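Undergrad: Given chain A, put chain B in place with the hints provided.
So the sequences go chain by chain: A and B.
Quick note on numbering: the first sequence equals residues 1 to 287 in UniProt numbering.
Quick note on numbering: the second sequence equals residues 1 to 287 in UniProt numbering.
The hints are simulated quantities; they were obtained by calculation from the structure and are not laboratory data.
Just so we're clear, the structure is a prediction, and the values are computed from it rather than from any experiment.
Any given hint might turn out to be false.
Since the list can't tell identical chains apart, any single copy or any two copies may satisfy a pair.
[Unchecked claim] SDA-like cross-link-like pairs, simulated, lysine to any residue; straight-line CA separation at most 20 Å:
#, residue 1, residue 2
1, Lys204, Asp69
2, Lys109, Arg24
3, Lys281, Asp203
4, Lys207, Leu284
5, Lys207, Leu25
6, Lys41, Tyr162
7, Lys192, Ala285
8, Lys109, Gln68
9, Lys125, Phe107
10, Lys207, Trp270
11, Lys281, Pro188
12, Lys41, Lys281
13, Lys207, Gln217
14, Lys109, Ala130
15, Lys204, Leu67
16, Lys108, His126
17, Lys108, Ala130
18, Lys204, Ala130
19, Lys108, Arg66
20, Lys125, Asp167
21, Lys41, Ser96
Protein chains: 2
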Amino acid sequence: MTATSQQNWTGDPADLLRVSEGFRLSAVDPDSTPGYAGGKKAGQSDLEAGAVQLDELQERLFAQSRLQDDAPAVLLVLQAMDSAGKGGIVRHVVGSVDPQGVSLVAFKKPTPEELAHDFLWRIEKHVPVAGFIGVFDRSHYEDVVIGKVRALADEAEIERRYGAIVDFEKRLTDAGVRVVKVMLHISPDEQKDRLMERLDRPDKHWKYNPGDVDERQLWPAYMDAYQAVFDRTSTPNALWHVIPANAKWYARLAVQALLLDALEGIDPQWPVADFDVEAEKVRLAAT
Amino acid sequence: MTATSQQNWTGDPADLLRVSEGFRLSAVDPDSTPGYAGGKKAGQSDLEAGAVQLDELQERLFAQSRLQDDAPAVLLVLQAMDSAGKGGIVRHVVGSVDPQGVSLVAFKKPTPEELAHDFLWRIEKHVPVAGFIGVFDRSHYEDVVIGKVRALADEAEIERRYGAIVDFEKRLTDAGVRVVKVMLHISPDEQKDRLMERLDRPDKHWKYNPGDVDERQLWPAYMDAYQAVFDRTSTPNALWHVIPANAKWYARLAVQALLLDALEGIDPQWPVADFDVEAEKVRLAAT
Chain A
1 MTATSQQNWT
11 GDPADLLRVS
21 EGFRLSAVDP
31 DSTPGYAGGK
41 KAGQSDLEAG
51 AVQLDELQER
61 LFAQSRLQDD
71 APAVLLVLQA
81 MDSAGKGGIV
91 RHVVGSVDPQ
101 GVSLVAFKKP
111 TPEELAHDFL
121 WRIEKHVPVA
131 GFIGVFDRSH
141 YEDVVIGKVR
151 ALADEAEIER
161 RYGAIVDFEK
171 RLTDAGVRVV
181 KVMLHISPDE
191 QKDRLMERLD
201 RPDKHWKYNP
211 GDVDERQLWP
221 AYMDAYQAVF
231 DRTSTPNALW
241 HVIPANAKWY
251 ARLAVQALLL
261 DALEGIDPQW
271 PVADFDVEAE
281 KVRLAAT
Chain B
1 MTATSQQNWT
11 GDPADLLRVS
21 EGFRLSAVDP
31 DSTPGYAGGK
41 KAGQSDLEAG
51 AVQLDELQER
61 LFAQSRLQDD
71 APAVLLVLQA
81 MDSAGKGGIV
91 RHVVGSVDPQ
101 GVSLVAFKKP
111 TPEELAHDFL
121 WRIEKHVPVA
131 GFIGVFDRSH
141 YEDVVIGKVR
151 ALADEAEIER
161 RYGAIVDFEK
171 RLTDAGVRVV
181 KVMLHISPDE
191 QKDRLMERLD
201 RPDKHWKYNP
211 GDVDERQLWP
221 AYMDAYQAVF
231 DRTSTPNALW
241 HVIPANAKWY
251 ARLAVQALLL
261 DALEGIDPQW
271 PVADFDVEAE
281 KVRLAAT
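Here chain A stands alone, though its shape is the one from the complex (with noise of 0.2 Å):
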């Protein structure tokens, strides 16, 4: 379903970048804008009024929650190479929605003490709570991601993982919980001058890493471990989609169009109230 408020959508987004079978990562041209007729103009209007309906879905699916205890939430998870965009959307995408009710959470290296559990330890902590918009800025697909393309575990243990990886989150999608998976595709070269960028400007000089470079050079590797991840771990319950992202517009514009989508799917409702309006008026009234 195309979100109405996104007026130039040509095809469903939703259908249009979703990972089936016999999907191929190497096919997908980072540079494309599959199914948006507009150019960056159109698309950051478009990106207004889907703000505007993302907030008030997001509001509903928040209230619904405080009457119910097992009411719905969203997962998004966000995977890219470095200076894919992830941040951006935040920033303007998850950013656009009441803070009170988004848990974002960046997962970093990890730490002894998680490296001393299941790598879903750390994951299985940061779960939406009922009526949240989780975002997870990488997540337990890094374990199968740079763990698969630096050797951190062997092959036998990376095979064990996709299929924890499809376990979990079918138990979270069992349990009320919608799980949008993103990948964020650019190209090499976008890369390299985003990267140059970052180098070139004083104020940018805290995002860069030298340790991007070295990864930069396993490219390929990381495309293979990510088409692997999407062979292995597409479900009907938790469907990955692979965003083509040079245009940062266009991907902002998409992942929007995902989240929205998401929510129109649960169809949030304002909860009825479980007192008697009437009568409170009265009480409150003689106060």
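TA: The following block gives chain B in isolation, referenced to the frame of chain A:
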């Protein structure tokens, strides 16, 4: 120091709203707009200008912490009677900065596990880390406000807590956390109107709790408890500010001004690269 982007202040809100020696809560008019020469329209325009400034200062604060473990943080403590507008502050003031640099906690009724610990145990866990703006929507002050009004603890225990709070906040400020404490001050009539609106609108019913009317009838006791809080815990390093909040636009502008003041006091700087910028450009160009 008055925030430069907010044009219409005739005095410094940090000074004008401060709780100092001899402060009387009963002397504050909730309808007033101390130190501000404009009305609602000018206030909204100043709020937008201030948001741009807050956004840049927050990014610098965050950036600085990436290369400096003991970098400063900010903690905004929000206390108020029901419906005074804490939620609006979070949404419209805090919500204007990048969510990646904000940690927000809404403290609810303590759980049995929390009650089995000292009252500061659950608070300590949510102190913002370096580089973050932490926001407490309610806080450890509930334990000396509702704690006192509802006699949830005896007098000696309440006395102990004032001292414990002063010591705790001194430790935070010594460790580099700027503590900004705000009480939003509305009148009982304004609260009545706001609660009645929640009863009148089905999409607001979820925000209404019959217990609010019970608490409302204890208004004078709550004001006394707040006065005691100001007398005992407005220390030089962790001052209280009481903000007249019948005019929502004024309260938002004033809280933003206090945050700007705190950040300008920190004066965060873009960190200097800890790598050889020119050498990295060469390395990157070669990939």
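Undergrad: Going back to the hint list, which numbers does this structure go against?
TA: Numbers 2, 5, 6 and 12 - these are the hints that the structure violates, sorted from lowest upward.
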